[in-house]
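Given the sequences, and given the hints that come with them, work out the whole structure.
2 protein chains.
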Amino acid sequence: MNKEIAIYTISDSIGETSQKLIGAVMVQYPDVAFRNAYRFPFVTDEQELVGILKDAKKEDAIVISTLVNRRLAQVAKEYSLSESLAYYDLMQPFFSMIEEKLHVQPIEKPGIVHKLDTEYFQRISAIEFAVKYDDGKNPQGFLTADAVILGVSRTSKTPLSMYLANRGHKIANLPLIPEVPVPQVLDQVDSDRIIGLICQPEKLVKIRSNRLESLGLGHTTSYTDVEKVRRELAYAQSIFKKYQSQVIDVTDKSIEETAYLVEEHLKKSVAKLR
Amino acid sequence: MNKEIAIYTISDSIGETSQKLIGAVMVQYPDVAFRNAYRFPFVTDEQELVGILKDAKKEDAIVISTLVNRRLAQVAKEYSLSESLAYYDLMQPFFSMIEEKLHVQPIEKPGIVHKLDTEYFQRISAIEFAVKYDDGKNPQGFLTADAVILGVSRTSKTPLSMYLANRGHKIANLPLIPEVPVPQVLDQVDSDRIIGLICQPEKLVKIRSNRLESLGLGHTTSYTDVEKVRRELAYAQSIFKKYQSQVIDVTDKSIEETAYLVEEHLKKSVAKLR
Chain A
57 MNKEIAIYTI SDSIGETSQK LIGAVMVQYP DVAFRNAYRF PFVTDEQELV
107 GILKDAKKED AIVISTLVNR RLAQVAKEYS LSESLAYYDL MQPFFSMIEE
157 KLHVQPIEKP GIVHKLDTEY FQRISAIEFA VKYDDGKNPQ GFLTADAVIL
207 GVSRTSKTPL SMYLANRGHK IANLPLIPEV PVPQVLDQVD SDRIIGLICQ
257 PEKLVKIRSN RLESLGLGHT TSYTDVEKVR RELAYAQSIF KKYQSQVIDV
307 TDKSIEETAY LVEEHLKKSV AKLR
Chain B
57 MNKEIAIYTI SDSIGETSQK LIGAVMVQYP DVAFRNAYRF PFVTDEQELV
107 GILKDAKKED AIVISTLVNR RLAQVAKEYS LSESLAYYDL MQPFFSMIEE
157 KLHVQPIEKP GIVHKLDTEY FQRISAIEFA VKYDDGKNPQ GFLTADAVIL
207 GVSRTSKTPL SMYLANRGHK IANLPLIPEV PVPQVLDQVD SDRIIGLICQ
257 PEKLVKIRSN RLESLGLGHT TSYTDVEKVR RELAYAQSIF KKYQSQVIDV
307 TDKSIEETAY LVEEHLKKSV AKLR
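Which chain is which? The protein sequence lines are A and B, in order.
Just so we're aligned, residue 57 is where the first sequence starts under this note's numbering, counting upward by one.
Just so we're aligned, residue 57 is where the second sequence starts under this note's numbering, counting upward by one.
Everything labelled a hint here was simulated from the structure, so no lab data went into it.
Check each hint, because a few of them may be wrong.
Claimed, not checked - Here are the computed lysine-lysine pairs in the BS3-like style, where the Cα-Cα straight-line distance is at most 25 angstroms: (1) A:K323 with B:K76; (2) A:K262 with B:K188; (3) A:K76 with B:K165; (4) A:K133 with B:K157; (5) B:K133 with A:K157; (6) B:K133 with A:K59.
What the hints assert, rightly or not - To list a few chain A residues with every Cβ distance to chain B over 12 angstroms, as calculated: (7) K114; (8) P237; (9) Q240; (10) E313; (11) L322.
Only a predicted model underlies this, so the values are computations on that prediction, with no experimental measurement involved.
Quick reminder that beta carbons are idealized off the backbone N, C-alpha and C, glycines included.
The following block contains the structure:
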């Protein structure tokens, strides 16, 4: 890494959108060091804003803004034009498009509007559900879950369940262990709601070795033996076949990508039922 | 709601950045119905892309793109210009700014790069930690947690813990109940790592009533009695005072906003230690 750049983000809320965009851009430049420690949330004052822009200019930074306040956005735009600052406003072009089409103005209310609406309560209860029915703790949860996730150890069942729960889905998960029979209650779950996770054995061995290392344990156990892992995965496949579950290969997939595939599958199943 | 608009999102990955932006924009137009069901991920083919753009044009939609492939982005841009389609490319302006400053090109690799790096393993183990030490299940976890979250029932301890865990923080949480003494092990936790959640009593009553309703229970219990709730909250404040914990008022805050404040507090505490 010999090239580096500072990214400033300015928001009148917490600036999550900018952070997502920066994350997506960063992976496109593996040889550039992004210094993204300059996050300025809750900016509502013109003087404060100009102070930040001046610092950004000194550092030759790129400034990303999600200001919803039109006056502040205008100040930042004018400053950037006159000082040749690299300034990228994510909100205003979108607002302009909407104005052009619908002739309406944004309310310019900063921040995620925290509504105690159905969606909010659904999300909270989904998270509590996922914690309660994690790791096969209580298989009765399978009956009321939106989906039951199955997989051998270290196929990312728990993180996937929590990520989906955060998006409002009620998820239970069950570890598959060849020596332990699958709970009978799974027979009552519709196959559309059963998701099996699979992974390349070599990758799984790597993940498991890392796990053992982090626990301060040695490497040479059957837990990380590739032949043993292959047998475990073959057993998992036989279970997926028996229950005609949807199978997702998580090798090289991020939690977000796997979650997306689960959501698409669940949407399709719901559509089929209608 | 008498105005409505369709939003198409096009990505060569899952399109999370667009979704975040749309969420932030939508709250600025409470009277507009956004039809955001047109999410096109994994677009890698020119013909497919043009097909989507044609549909968008027919519907008079706004198209948001996070295509990293320059050729596809160019095709979409040219189509939009010639057909006057409202097209908003989030990636390319950012790429141009970087090119201008550093003279480097993006690798144009679609998708979240899924690396089995330290950060990934840290996130997975943080999520497992939060599940294990949720709801005061095992107070020994307080000793190794990055933060211990305290609060009376329904102050969003669990969702907050899971959200922070997903961002790599090891979080334990403990419900505060006036009749139940706080585990002694909390005395060994540095006050910088203790976070107390507080909420306006009226709001908490509303949240609890909703909770009971969702469980099919009536309203008239001490759980939702505002005087009783006030006493619970006073007890919580006395605990926060005793442990000199950071106190966050979660009234009207989204999980994301509260999580942001916790992270900022933890950062400051770490900085203080250095």
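Cross-check of the supplied hints:
no., hint, verdict
1, A:K323 with B:K76, "holds, 20 angstroms"
2, A:K262 with B:K188, "holds, 24 angstroms"
3, A:K76 with B:K165, "holds, 17 angstroms"
4, A:K133 with B:K157, "holds, 19 angstroms"
5, B:K133 with A:K157, "holds, 19 angstroms"
6, B:K133 with A:K59, "violated, 29 angstroms"
7, K114, "holds, 14 angstroms"
8, P237, "holds, 24 angstroms"
9, Q240, "holds, 25 angstroms"
10, E313, "violated, 6 angstroms"
11, L322, "holds, 14 angstroms"
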